[in-house]
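Q: Just so you know, the protein sequences line up as chains A and B, in that order.
Here my numbering is used: the first residue of the first sequence is 16, the next is one more, and so on.
Here my numbering is used: the first residue of the second sequence is 16, the next is one more, and so on.
Be aware that a few hints might be false.
The list makes no distinction among identical chains, and a pair is therefore deemed to hold if it is satisfied within one copy or across any two copies.
Pairs of lysine to any residue residues, derived as SDA-like cross-links and limited to a Cα-Cα distance of at most 25 Å, are as follows [to be verified]:
(1) Lys130 / Ile352
(2) Lys40 / Leu75
(3) Lys181 / Ala421
(4) Lys40 / Tyr76
(5) Lys383 / Arg166
(6) Lys354 / Ser368
Keep in mind the hints are simulated off the structure, nothing from the lab.
2 protein chains.
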Amino acid sequence: MARIVMKFGGTSVADLDRIRNVADKVAAEVAAGNEVAVVVSAMAGVTNQLVGYAGQAARLYDLREYDAVVSSGENVTAGLLSIVLQDRGVQARSWQGWQIPILTDGAHGSARIEKIEVEDLLRRMAAGEVAVVAGFQGFEPVRRRITTLGRGGSDTSAVALAAALKADRCDIYTDVDGVYTCDPRIVQRARKIDRITYEEMLEMASQGAKVLQTRSVEMAMKHRVPVRVLSSFQEGTGTLVVDEEEIVEQAVVSGVTYSRDEAKITLRNVTDRPGVAAAIFGPLAEASVNVDMIVQNISADQQTTDMTFTVTRADLERAVEVIEANRDKFDFKAMSIDKNVVKVSVIGVGMRSHAGVAQMMFSALAEKGINIQVITTSEIKVSVLIAEEYTELALRSLHSAYGLDAA
Amino acid sequence: MARIVMKFGGTSVADLDRIRNVADKVAAEVAAGNEVAVVVSAMAGVTNQLVGYAGQAARLYDLREYDAVVSSGENVTAGLLSIVLQDRGVQARSWQGWQIPILTDGAHGSARIEKIEVEDLLRRMAAGEVAVVAGFQGFEPVRRRITTLGRGGSDTSAVALAAALKADRCDIYTDVDGVYTCDPRIVQRARKIDRITYEEMLEMASQGAKVLQTRSVEMAMKHRVPVRVLSSFQEGTGTLVVDEEEIVEQAVVSGVTYSRDEAKITLRNVTDRPGVAAAIFGPLAEASVNVDMIVQNISADQQTTDMTFTVTRADLERAVEVIEANRDKFDFKAMSIDKNVVKVSVIGVGMRSHAGVAQMMFSALAEKGINIQVITTSEIKVSVLIAEEYTELALRSLHSAYGLDAA
Numbered sequence: 016m017a018r019i020v021m022k023f024g025g026t027s028v029a030d031l032d033r034i035r036n037v038a039d040k041v042a043a044e045v046a047a048g049n050e051v052a053v054v055v056s057a058m059a060g061v062t063n064q065l066v067g068y069a070g071q072a073a074r075l076y077d078l079r080e081y082d083a084v085v086s087s088g089e090n091v092t093a094g095l096l097s098i099v100l101q102d103r104g105v106q107a108r109s110w111q112g113w114q115i116p117i118l119t120d121g122a123h124g125s126a127r128i129e130k131i132e133v134e135d136l137l138r139r140m141a142a143g144e145v146a147v148v149a150g151f152q153g154f155e156p157v158r159r160r161i162t163t164l165g166r167g168g169s170d171t172s173a174v175a176l177a178a179a180l181k182a183d184r185c186d187i188y189t190d191v192d193g194v195y196t197c198d199p200r201i202v203q204r205a206r207k208i209d210r211i212t213y214e215e216m217l218e219m220a221s222q223g224a225k226v227l228q229t230r231s232v233e234m235a236m237k238h239r240v241p242v243r244v245l246s247s248f249q250e251g252t253g254t255l256v257v258d259e260e261e262i263v264e265q266a267v268v269s270g271v272t273y274s275r276d277e278a279k280i281t282l283r284n285v286t287d288r289p290g291v292a293a294a295i296f297g298p299l300a301e302a303s304v305n306v307d308m309i310v311q312n313i314s315a316d317q318q319t320t321d322m323t324f325t326v327t328r329a330d331l332e333r334a335v336e337v338i339e340a341n342r343d344k345f346d347f348k349a350m351s352i353d354k355n356v357v358k359v360s361v362i363g364v365g366m367r368s369h370a371g372v373a374q375m376m377f378s379a380l381a382e383k384g385i386n387i388q389v390i391t392t393s394e395i396k397v398s399v400l401i402a403e404e405y406t407e408l409a410l411r412s413l414h415s416a417y418g419l420d421a422a
Numbered sequence: 016m017a018r019i020v021m022k023f024g025g026t027s028v029a030d031l032d033r034i035r036n037v038a039d040k041v042a043a044e045v046a047a048g049n050e051v052a053v054v055v056s057a058m059a060g061v062t063n064q065l066v067g068y069a070g071q072a073a074r075l076y077d078l079r080e081y082d083a084v085v086s087s088g089e090n091v092t093a094g095l096l097s098i099v100l101q102d103r104g105v106q107a108r109s110w111q112g113w114q115i116p117i118l119t120d121g122a123h124g125s126a127r128i129e130k131i132e133v134e135d136l137l138r139r140m141a142a143g144e145v146a147v148v149a150g151f152q153g154f155e156p157v158r159r160r161i162t163t164l165g166r167g168g169s170d171t172s173a174v175a176l177a178a179a180l181k182a183d184r185c186d187i188y189t190d191v192d193g194v195y196t197c198d199p200r201i202v203q204r205a206r207k208i209d210r211i212t213y214e215e216m217l218e219m220a221s222q223g224a225k226v227l228q229t230r231s232v233e234m235a236m237k238h239r240v241p242v243r244v245l246s247s248f249q250e251g252t253g254t255l256v257v258d259e260e261e262i263v264e265q266a267v268v269s270g271v272t273y274s275r276d277e278a279k280i281t282l283r284n285v286t287d288r289p290g291v292a293a294a295i296f297g298p299l300a301e302a303s304v305n306v307d308m309i310v311q312n313i314s315a316d317q318q319t320t321d322m323t324f325t326v327t328r329a330d331l332e333r334a335v336e337v338i339e340a341n342r343d344k345f346d347f348k349a350m351s352i353d354k355n356v357v358k359v360s361v362i363g364v365g366m367r368s369h370a371g372v373a374q375m376m377f378s379a380l381a382e383k384g385i386n387i388q389v390i391t392t393s394e395i396k397v398s399v400l401i402a403e404e405y406t407e408l409a410l411r412s413l414h415s416a417y418g419l420d421a422a
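One chain only, chain A, in its complex shape (with noise of 0.2 Å):
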């Protein structure tokens, strides 16, 4: 007997068969003797629905309200999963955020889970009932309203909830089979990666791979909740997100993404002087814009620098305003901004320990001719810039290079 969460996201709970296929593979865990609790989506296209009548109601919405509203289609899908258990003879009952309640701070539109009262939860799914918790929500006790996780929270919901229960494992179902070498619709020889270390998913998350939330990968990482990502749609064991121990043979590079949510910024011949960095990233954090990779070069002229650095799409207007806005307070001859470039990140925990990874990637992309324009690592990750027209060419030699191919 296991105490296991199930998280369905929002293509699993489209309709009502789908969410009758969930109700079956509910059913499965009960049998088996297990204690569940299962944590939903909106049913697909719902909360893009809500999010769009914020969006035509006002340019700029209260986002208390904003989460009252969308966190409602959250509501609909674990009464009606709960329905539709109750109708196959399977105990459960539907719990909304402030139901339980899931504490959140009052940061509202990306609140932050502080706290989850489990106590009646953990009472009525040892006397066998299925706690059906709707996902993505919470509630900020001091004002009493409803806070919502960000896009994607369901995810950390459904991690954080496992924690709270102390869950002997956090199964996330979704619409692919697991977690991949690379997207497997770019490069056909990608292989499902059977397990992987917390760190390094954190990494493919916040690199571009989509299958988890970044935020719910650092919440199972700290409170080490074992986490199965694996197809509503499909038999399979997917992939199990660990601890390093728990890998015997590590590859050196485990997977290879890329992100297409960038935009690069170029100042030329900034007047170098102390202070001219913070002078110019000071203004963009305080415009809550988020700057990624950074590169500075010396000018050919040798008294200015060029300074490089990567926003992503969505804010690159927004960065350009501030720019121009604070440009007394730095001096440079011209700005360029280039949309056509992507990153290419290869990850692996086994680099820790071997040389010449980023080398091989310099190598692999140089061969094809691909020029890098801005190079970042950190301890287990190399990431590089290149122009986005080479975004395949460089995924499939990458994949290659590292010995990552498919037999």
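With chain A's structure known, arrange chain B on it following the hints.
A: This is chain B only, laid out in the frame that chain A set:
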């Protein structure tokens, strides 16, 4: 300065443009210096969709889960209206049933409001904040579950809130501009009624006029809440529902209504003995079949009796099953059913002091050759059951006979 409750139904909040129109009306009341609470329904069609989902999920469902599902539409509207109001500089916040809370009993699907804790609302309304309240829903405090008040329940939410807030007025905005002497789609010469008594409005609502939920009128009458029915889409003073004393010139008959929601059951040659009526209607009541009109005649053979009564069409099948199942408790020769009937009622508090009102009805119908099948009367109402094909003819004839036609 007054304290008012404004209620907007589903067609009044069907999309963002209409929600903006609602915000105009609310903003105008705030600008006039009033303290305002607004009760909103779900966007038109949403509740039907959610009810449909519940029906698809299971044939018989847990009403607690049904309530969790179908209550969500109102939360969306309340949030969106708050955003739109804030966008035009009007302070506003949304309130879900559990947040206020609106305390109800545990009769899920058709719960009764027991108490509304309005201290917080009153304080904020006095500070100029509009309270935007999700209609149709409440909170059952023992199990901490969401309840709903039954279809059309937002009217009841509004009146109950007006009573709890000791509001000066409860304005029910709908898609018609008031209460009419008869359905204007059938009787072209129907007139809008300027003032109507609670008692008449209650009979109108329960005898088929769909403009207000019956229970909301009962509650308005009990707490003496002045209710006004008016249009969201055109200017006008609407219809005021008030105490009898506030109406100076009272017509004998105020309105003519009809209900197609009737079905007639006749049991022939029932063995007549004391207690036979109880034997028939007891089991029906136990099966929650509401019996409306009843008439009992001596049969041709003088030894037995014929029993005719009406139930709603939705209950007909169940009523027939119950009667067949209890045939051992009372004997009869034959049962016949008739769905092609309509109940036509004339309503007016003036009847109390005027004789001959019923007689005028019988004459007017006889003159057109319309046969009356069943008659029931109350202090301020006469209802007859006739063949459905005569509906329009009967309504127009009665409307003219009682002098209600517009000039």
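Q: Each of the hints needs a verdict: does it hold here or not?
A: Now the hints, each set against the structure:
1. In this assembly of identical chains, Lys130 and Ile352 lie within 25 Å of each other by CA distance neither inside one copy nor across copies; the values are 43 Å within and 61 Å between.
2. Taking the shortest alpha-carbon separations for Lys40 and Leu75, only the inter-copy value of 22 Å comes in at or below 25 Å, while the best intra-copy value is 41 Å.
3. When the C-alpha separation of Lys181 and Ala421 is checked against a cutoff of 25 Å, the pair qualifies neither within a copy, at 36 Å, nor between copies, at 73 Å.
4. For the homomeric pair Lys40 and Tyr76, the shortest alpha-carbon distance between copies (20 Å) is at most 25 Å, but the shortest distance inside one copy (39 Å) is not.
5. In this homomeric assembly, Lys383 and Arg166 never come within 25 Å of each other (Cα to Cα): the closest approach is 37 Å inside a single copy and 67 Å across copies.
6. For the homomeric pair Lys354 and Ser368, neither the shortest alpha-carbon distance inside one copy (35 Å) nor that between copies (84 Å) is at most 25 Å.
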